[in-house]
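Chains as they are written, first to last, in our numbering: chain V, 1 to 400; chain Z, 1 to 400.
Quick caveat, the hints were computed from the structure, so don't treat them as lab data. No experiment lies behind these values; they were computed from the predicted model shown. For each residue, glycine too, the CB sits at the ideal point set by N, CA and C. Just to be clear, a hint being listed does not mean it is correct.
Said to hold, decoys possible - Heads up, incomplete: computed chain Z residues facing chain V, CB under 10 Å, no partners named: (1) 4; (2) 5; (3) 30; (4) 31; (5) 43; (6) 48; (7) 49; (8) 101; (9) 103; (10) 121; (11) 124; (12) 248; (13) 267; (14) 269.
The lines below spell out each chain.
Number of protein chains: 2
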Amino acid sequence: MKSPDIFQATREKFTLPEGVLYLDGNSLGPLVKAVPGRVAQMLEGEWGRYLIGGWNLAGWVDMPARVGDRVARLIGAAPGTVVMGDTLSIKVYQALASALALRPDRRVILSDRNNFPTDLYMAQGLIASLDKGHELKVAAPEAVADLIDESVAVVMLTEVDYRTGRLYDMAQITAKAHAVGALVIWDLAHSAGAIAVDLAGTDADFAVGCTYKYLNGGPGAPAFIYVAPRLADLARPALSGWFGHAAPFAFEPDYRPALGIERMRVGTPPVLALGTLDAALDVWDGISMADIRARSIELSEAFIATVEAGCPDLELASPRDPQARGSQVSYLFEDGYAVIQALIDEGVIGDYRAPGIMRFGFTPLYLSHEDVQRAAAILVDIITSRRWDQDRYKIKGKVT
Amino acid sequence: MKSPDIFQATREKFTLPEGVLYLDGNSLGPLVKAVPGRVAQMLEGEWGRYLIGGWNLAGWVDMPARVGDRVARLIGAAPGTVVMGDTLSIKVYQALASALALRPDRRVILSDRNNFPTDLYMAQGLIASLDKGHELKVAAPEAVADLIDESVAVVMLTEVDYRTGRLYDMAQITAKAHAVGALVIWDLAHSAGAIAVDLAGTDADFAVGCTYKYLNGGPGAPAFIYVAPRLADLARPALSGWFGHAAPFAFEPDYRPALGIERMRVGTPPVLALGTLDAALDVWDGISMADIRARSIELSEAFIATVEAGCPDLELASPRDPQARGSQVSYLFEDGYAVIQALIDEGVIGDYRAPGIMRFGFTPLYLSHEDVQRAAAILVDIITSRRWDQDRYKIKGKVT
Numbered sequence: 001m002k003s004p005d006i007f008q009a010t011r012e013k014f015t016l017p018e019g020v021l022y023l024d025g026n027s028l029g030p031l032v033k034a035v036p037g038r039v040a041q042m043l044e045g046e047w048g049r050y051l052i053g054g055w056n057l058a059g060w061v062d063m064p065a066r067v068g069d070r071v072a073r074l075i076g077a078a079p080g081t082v083v084m085g086d087t088l089s090i091k092v093y094q095a096l097a098s099a100l101a102l103r104p105d106r107r108v109i110l111s112d113r114n115n116f117p118t119d120l121y122m123a124q125g126l127i128a129s130l131d132k133g134h135e136l137k138v139a140a141p142e143a144v145a146d147l148i149d150e151s152v153a154v155v156m157l158t159e160v161d162y163r164t165g166r167l168y169d170m171a172q173i174t175a176k177a178h179a180v181g182a183l184v185i186w187d188l189a190h191s192a193g194a195i196a197v198d199l200a201g202t203d204a205d206f207a208v209g210c211t212y213k214y215l216n217g218g219p220g221a222p223a224f225i226y227v228a229p230r231l232a233d234l235a236r237p238a239l240s241g242w243f244g245h246a247a248p249f250a251f252e253p254d255y256r257p258a259l260g261i262e263r264m265r266v267g268t269p270p271v272l273a274l275g276t277l278d279a280a281l282d283v284w285d286g287i288s289m290a291d292i293r294a295r296s297i298e299l300s301e302a303f304i305a306t307v308e309a310g311c312p313d314l315e316l317a318s319p320r321d322p323q324a325r326g327s328q329v330s331y332l333f334e335d336g337y338a339v340i341q342a343l344i345d346e347g348v349i350g351d352y353r354a355p356g357i358m359r360f361g362f363t364p365l366y367l368s369h370e371d372v373q374r375a376a377a378i379l380v381d382i383i384t385s386r387r388w389d390q391d392r393y394k395i396k397g398k399v400t
Numbered sequence: 001m002k003s004p005d006i007f008q009a010t011r012e013k014f015t016l017p018e019g020v021l022y023l024d025g026n027s028l029g030p031l032v033k034a035v036p037g038r039v040a041q042m043l044e045g046e047w048g049r050y051l052i053g054g055w056n057l058a059g060w061v062d063m064p065a066r067v068g069d070r071v072a073r074l075i076g077a078a079p080g081t082v083v084m085g086d087t088l089s090i091k092v093y094q095a096l097a098s099a100l101a102l103r104p105d106r107r108v109i110l111s112d113r114n115n116f117p118t119d120l121y122m123a124q125g126l127i128a129s130l131d132k133g134h135e136l137k138v139a140a141p142e143a144v145a146d147l148i149d150e151s152v153a154v155v156m157l158t159e160v161d162y163r164t165g166r167l168y169d170m171a172q173i174t175a176k177a178h179a180v181g182a183l184v185i186w187d188l189a190h191s192a193g194a195i196a197v198d199l200a201g202t203d204a205d206f207a208v209g210c211t212y213k214y215l216n217g218g219p220g221a222p223a224f225i226y227v228a229p230r231l232a233d234l235a236r237p238a239l240s241g242w243f244g245h246a247a248p249f250a251f252e253p254d255y256r257p258a259l260g261i262e263r264m265r266v267g268t269p270p271v272l273a274l275g276t277l278d279a280a281l282d283v284w285d286g287i288s289m290a291d292i293r294a295r296s297i298e299l300s301e302a303f304i305a306t307v308e309a310g311c312p313d314l315e316l317a318s319p320r321d322p323q324a325r326g327s328q329v330s331y332l333f334e335d336g337y338a339v340i341q342a343l344i345d346e347g348v349i350g351d352y353r354a355p356g357i358m359r360f361g362f363t364p365l366y367l368s369h370e371d372v373q374r375a376a377a378i379l380v381d382i383i384t385s386r387r388w389d390q391d392r393y394k395i396k397g398k399v400t
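Bound conformation, chain V alone (with noise of 0.2 Å):
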């Protein structure tokens, strides 16, 4: 161990079930014990209490903004530029209408054909509605680069891919759409709390992301967007709702947008989940995400040490260099489903994503170095005796 044992100051912090060792906290984190005491008080103690009141008394109404600086720090975005709400389709679709709207000539949205296919559906979805002769273009992930030029409105990519873990490179990728003019939606849906990310640095245009998974906001929990400030003033919210408006109160008939991100909030924020995001955040307080990737590193390359080790024919699905992934590995397994069924059952929690990859998270927060070997040698264990049984485990999706 030669980072931070962050670990040791926060794994108590979490709940989790006695003999699990859950490497899922990529699909969904686990629950932060300060999470229950927390949402009690603000049931009986704000709503119960407050009633009608709670919008200023208890400051729900300014949620949005407030947890999302919380957000920011682990996103490299300044204050006052990420804001929360909906769901990450809506603030995907929020992102692609704004920046459609920004390069009005243009008609390519560029994605890659692996990206998580809500993005994807949520393109498709502006494109027809729009009917304007707009393409959404899908290649390799490793193709996209080549494809950046002059056509391009808009770049949409997810940094790490949900299946393998492939990482793109953001400052790159970012340069390439400027230097022809094209804009970039990032999708941090497996960055944020997994990895660190520069998006002042990489002057990213539009990022949007959930919290349910490394930032153990709740299933469901509220997504983020972040808009660039030198383009905030500019992004013409299709959403247009009446919590973006400049004057939310003043109820008048025609909307204007607020200034900065607050013009993409849209509708009444949801406040209960706000405040599980809220409580479970506050695990982060001091924690630097240099230190996070840093130790996500050596937990993974140790789980792939194992595996290597003990099973070396297995086929590693994600990018063996760790620079080049995210804080998850992937294996490529005919009855991957199966076995992932029988690791559970031994209290290794992974999950698997059709066709045939079976998916582990690190998250240095609740997963010790001996946890994350331990792990490893299960699945070595599983696959090395044939340990699982694929007649009774049909094939079928779970949530990501």
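Based on the hints, put chain Z in the right spot on chain V.
Using the frame of chain V, we list chain Z on its own:
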């Protein structure tokens, strides 16, 4: 009291601070006592225990439809025609975008100028985004029906006016729209849980609403959307997220809308907020909306009678005919904001909407005849004794 005494059965199910008469459930419903326990169970017993497994083991994935069915009963809709998620603003956008796509040769969205601002803003944002020459035409509420002609693609109205409580004739407007080939979107924000709504019987096309008012779902609770079964498979969801896909977990590259109302789902559902709402909806078990409506009229009539007797000159901003108003009563008064503050100081919580509107909501679930009489008496006493401080309270907005 002629109608069944709902209050006796339900008052004890709500947390209300000692000494408070809460006539603002039309803005934010109070906390249902069963909610904190249910939420604690979801946090510790579902999320904490099942982790990612909760999506299947705790049935999270089906919550939008399951809770939607419970809301459906309260708004005269069949099971399987309502789905929960997002915010009311987002649901307005989905309904509008779907309606415009169903009437591609028409360019008018007809609404009333007193509609809640976010409905108008979302229409404006959609129109700007489509950039196809659509027009948002607004008129006075009483003039809307006469403007329904063959230029109109969709009539978008809030059934109960948020300021005055003025009630549209849903059956009449819907029939008139259908007669000229127009569609109708009903915003039920101030209807759901407040009055008897018959979406199926009136043959409404779309309906949307929030659940944090009369349905007591909590601050920022999820919204709902209804699509008539005859349209559900035709509606093209502009916001085409993965949870509205026919096979969300197949991770297909192209969007294929689910059959029926499920296509109106967008992103990952807000599980904790849906659980909160689900627990709050238990209060409605065995309650008929016809009984609620009868009782609500008795309460509002009693309130008006007391105020009329004590302050004959106070201007009623709501229709005097109870059949023509929702479950609220509003008065127009120049110093209305200061009077509302004086009422709050004396334990009567109503609210204020610019310009000059004092609003009082009636919810038979937790307000008795005596409560309402007492609230009216305090209002009369404040007005007649001029017991308010207009200097101390500058007019400012509050959350609807």
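Interface hint check: residue 48 of chain Z, Cβ to nearest Cβ on chain V, cutoff 10 Å. Holds or violated?
holds (4 Å)
Classify the hint on residue 49 of chain Z as holds or violated, based on whether any CB of chain V lies nearer than 10 Å to its CB.
Status holds, d = 6 Å.
Verify the interface restraint on residue 101 of chain Z: the C-beta must sit less than 10 Å from at least one C-beta of chain V.
Constraint on residue 101 of chain Z satisfied, holds at 7 Å.
Using the nearest Cβ pair, does residue 30 of chain Z come within less than 10 Å of chain V?
With Cβ-Cβ at 6 Å, under 10 Å, it holds.
Hint check: 10 Å Cβ-Cβ cutoff, residue 5 of chain Z to chain V:
violated (24 Å)
Can the hint on residue 269 of chain Z be confirmed by a CB-to-CB distance to chain V that is less than 10 Å?
Status holds, d = 5 Å.
Given residue 103 of chain Z as an interface hint, is the shortest Cβ-Cβ distance to chain V below 10 Å?
Where the cut-off is 10 Å and the nearest Cβ of chain V is about 14 Å from residue 103 of chain Z, the hint is violated.
A closest beta-carbon separation below 10 Å is what the hint needs, so does residue 248 of chain Z meet it against chain V?
holds (7 Å)
Would you check whether residue 124 of chain Z satisfies its interface hint, that is, whether its CB is within less than 10 Å of any CB in chain V?
Cβ of residue 124 of chain Z sits 5 Å from chain V, so the hint holds.
Close enough to count: is the Cβ of residue 43 of chain Z nearer than 10 Å to one in chain V?
Holds. Min distance 5 Å.
Minimum beta-carbon distance criterion (10 Å), residue 121 of chain Z to chain V
Interface hint status for residue 121 of chain Z: holds (4 Å vs cutoff 10 Å).
Mind checking the CB of residue 267 of chain Z against every CB in chain V and telling me if the closest is under 10 Å?
Holds, about 3 Å.
Hint compliance for this structure: hints 1, 2, 9 are broken, all remaining hints hold.
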